Structures are given as C-alpha cells and as structure tokens.
Amino acid sequence: MKIAPIDIAHKSFKKKAFGFDQEEVMEFLRAVADEMEDVIRERNALKEQMREKELSILEYKERDKTLRDTIVTAQRMSEKVREDAETEARLILNDANQKADIIVKDARDSLKAVYQEITDIKRAKIQFESHLKALVNTHLKILEQGNSISPKLDFVENKSSTTTSTRPTDRKASAPISPVST
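Residue numbers for the sequence shown follow the working numbering, beginning at 1 and rising by one.
It is worth saying that the hints were derived from the structure and are not from the lab.
For clarity, every value in this text was computed on a predicted model and none was experimentally measured.
Beta carbons are placed, not taken as given, at the ideal position from N, Cα and C, and that holds for glycine.
Be a bit skeptical, because a hint or two may be false.
When the alpha-carbon atoms are kept at most 27 Å apart in a straight line, the in silico BS3-like pairs for lysine-lysine are as follows [said to hold, decoys possible]: (1) K133 / K122; (2) K2 / K47; (3) K99 / K125; (4) K2 / K14; (5) K15 / K2; (6) K122 / K105; (7) K47 / K61; (8) K112 / K99; (9) K125 / K112; (10) K65 / K80; (11) K53 / K65; (12) K112 / K122.
Distance windows between CB atoms, simulated [claimed, not checked]: (13) K53 / N94: 36 to 42 Å; (14) A134 / A96: 17 to 23 Å; (15) A9 / E59: 36 to 42 Å.
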C-alpha cells in the first residue's frame with residue numbers, strides 16, 4: 001500500500017486512555033509528511049534528471065552512430081575513389097601504351113618506307129648509270145664507226161684562191177642520213 005504525504009498529514013488515530021499526546025503525534029506526522037514530500041520532489045527531480053541524461057545518452061549514442069556511419073561511408077568512398085583512380089590510371093596507361101605502340105609502329109613503317117625509297121633510288125641510280133654508260137658506249141661506237149666509214153675530203157689549193165672542192169660522190173656521203181621508213 002502506497003502512502004502519500006497527504007495521507008500522513010491527515011491520518012487520524014483512535015484515542016485511548018493513557019495514549020500519546022495527540023498534538024505531538026500530529027506535529028510529528030506533519031514533519032514526516034513534509035519530509036516525505038521533499039523526498040518525493042527530490043525523487044521526481046532525480047527521475048527527470050535521469051530521463052534527461054538518458055535522452056542525452058541516446059542523443060550521444062545517435063551522434064556516435066551517425067559519426068561511425070559517416071566514418072564508414074567516408075572510408076568506403078575513399079576506397080572507391082582510390083579504386084576508381086587506380087582503374088582510370090590503368091586505363092590511361094594502357095591507352096598511352098597503345099598510342100605509343102602505334103607511334104612506334106608508324107615510325108618503324110615510315111623508316112622502312114624511307115629505307116625502301118633509298119634502296120629504290122639507289123637501284124634507279126645504278127640503272128640510270130648503267131643505261132647512260134650503255135648509251136655513251138653505243139654513241140662512241142657509232143662515232144668510231146662513223147669516223148671509219150666517213151669519206152675523206154680533199155682540199156685543193158689554188159694559188160689565186162682557196163676553194164674546197166668535193167667530189168660528187170663525197171657530197172652524198174657527207175649528207176645527213178635520213179631514217180629509212182618501212
């Protein structure tokens with residue numbers, strides 16, 4: 001059974017002969033009731049403080065959980081950013097390597113083409129020199145043959161004037177040879 005301070009303050013007792021001083025008992029009951037009211041107020045204040053502290057603890061726990069979640073999220077994001085950066089770096093490196101390979105291949109192909117062109121030019125030079133030598137030799141032979149079969153011109157000196165006379169056959173021989181058409 002719960003007793004409230006008001007119950008203590010208004011409690012009445014039966015009277016008996018040679019009993020306690022009723023005034024003294026009532027005064028004591030009032031003091032006990034007042035003390036009990038103070039205890040109840042203090043208890044209620046402590047309960048309120050405890051409730052506030054529990055709310056603060058819950059709030060701190062919630063903040064702690066939020067901070068932990070934030071830290072975990074930040075770590076995950078950091079890891080993802082790092083992984084993405086590594087992936088992007090690998091892709092950039094692979095792309096750069098591919099481009100470098102293409103550039104090197106193109107340079108080699110160009111060098112090969114230049115070497116081939118140099119070889120072709122050397123071959124053409126050799127052929128040209130060979131054809132030129134053959135042409136010069138042919139012309140020299142023609143000139144040599146022409147000198148051996150060309151008629152000799154006789155120069156006759158007259159005392160009064162110098163004239164060149166050619167024999168009629170010599171004129172034909174000295175005339176240019178026209179090509180024979182067939």
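request  = Take the C-beta atom of K53 and the C-beta atom of N94, compute their distance, and say whether it sits inside 36 to 42 Å.
outcome  = 60 Å Cβ-Cβ, so the 36 to 42 Å window is violated.
request  = Assess, step by step, whether the Cα of K2 is no farther than 27 Å from the Cα of K14, and give holds or violated.
outcome  = holds, 21 Å
request  = Quickly compare the C-alpha distance for K122 and K105 to 27 Å and report which way the hint goes.
outcome  = Holds, at about 25 Å.
key: Distance restraint between K65 and K80, which requires alpha-carbon spacing of 27 Å or less   = holds, 22 Å
ask   = Does K122 lie within 27 Å of K112 when you go C-alpha to C-alpha?
value = holds, 15 Å
key: Agreement of K133 and K122 with the hint, judged by alpha carbon distance not exceeding 27 Å   = holds, 16 Å
query = Does K53 pair with K65 here, judged by a C-alpha cut-off of 27 Å?
reply = Distance of about 18 Å is within 27 Å: holds.
message = Hint check: K47 vs K61, CA-CA at most 27 Å. Holds or violated?
response = This hinted pair holds, its Cα atoms lying about 20 Å apart.
query = Is K99 within 27 Å of K125, Cα to Cα?
reply = The hint is violated at about 38 Å.
inquiry  = Assuming the hint says 17 to 23 Å, is it satisfied by the Cβ distance from A134 to A96 or not?
reply    = violated, 56 Å
ask   = CA of K112 to CA of K99, is that 27 Å or under?
value = Status holds; Cα separation ~19 Å.
key: A9 paired with E59, Cβ distance criterion 36 to 42 Å   = At roughly 41 Å between Cβ atoms, E59 and A9 fall inside 36 to 42 Å, so the hint holds.
In the structure shown, a violation is registered for the earlier hints numbered 3, 13 and 14, in ascending order.
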